[in-house]
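S.K.: The sequence shown runs 1 to 90 under the UniProt record's numbering.
Treat the hints with care, since some could be wrong.
[Unchecked claim] Derived Cβ-Cβ restraints for the label pairs, each shown as a range:
id: 1; residue 1: Lys50; residue 2: Gly72; range: 28 to 34 angstroms
id: 2; residue 1: Thr54; residue 2: Gly78; range: 26 to 32 angstroms
id: 3; residue 1: Ala76; residue 2: Thr54; range: 24 to 30 angstroms
id: 4; residue 1: Pro87; residue 2: Ala40; range: 15 to 21 angstroms
id: 5; residue 1: Ile77; residue 2: Thr54; range: 15 to 21 angstroms
id: 6; residue 1: Met35; residue 2: Val74; range: 16 to 22 angstroms
Simulated from the structure, these hints should not be mistaken for lab results. These numbers come from a predicted model, not from an experiment. We put the beta carbon where it would ideally sit given N, CA and C, even for glycine.
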Amino acid sequence: MIFGASILTIIGIVIASGQLAGASDIAQSASATEMVTVQAGDSLWSLATKAVLTGDPRDTVQRIRELNGIEGSVIAIGDRLVVPVDPSSR
1 MIFGASILTI IGIVIASGQL AGASDIAQSA SATEMVTVQA GDSLWSLATK AVLTGDPRDT
61 VQRIRELNGI EGSVIAIGDR LVVPVDPSSR
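Given the sequences, and given the hints that come with them, work out the whole structure.
M.R.: So, in structure tokens, the structure goes:
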């Protein structure tokens, strides 16, 4: 009985610490952004590739859309956009 309770306690601690670590990662990635002003020649793709995030640039393009409420792919010179950045580059 005591052994079972100890095991359950340990499992609970491990799960809780994993969830806290995950929440920290989410918070860090959510806050790792910068504001950029769209210049002549910029596109969502070029902004995504400049963001220096690992992985597929299409995912970064989608993230830029989500952060800025953009439904298509049209951006205009002078637009101010929130762009994700690699947290390790800060």
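S.K.: Hint by hint, note whether the structure agrees.
M.R.: Each hint tested on the structure:
1. Judged by the Cβ atoms, the range 28 to 34 angstroms given for Lys50 and Gly72 is violated: they are separated by roughly 20 angstroms.
2. With their beta carbons about 30 angstroms apart, Thr54 and Gly78 fall inside the hinted range of 26 to 32 angstroms.
3. In this structure, Ala76 and Thr54 meet the distance hint of 24 to 30 angstroms, their C-beta atoms being roughly 29 angstroms apart.
4. At about 29 angstroms, the CB distance of Pro87 to Ala40 disagrees with the hint of 15 to 21 angstroms.
5. A hinted range of 15 to 21 angstroms is violated for the C-beta pair Ile77 and Thr54, which are about 29 angstroms apart.
6. Checked against the hint of 16 to 22 angstroms, the C-beta distance between Met35 and Val74 comes to roughly 19 angstroms, which is consistent with it.
When each numbered hint is compared with the structure, violations occur for hints 1, 4, 5.
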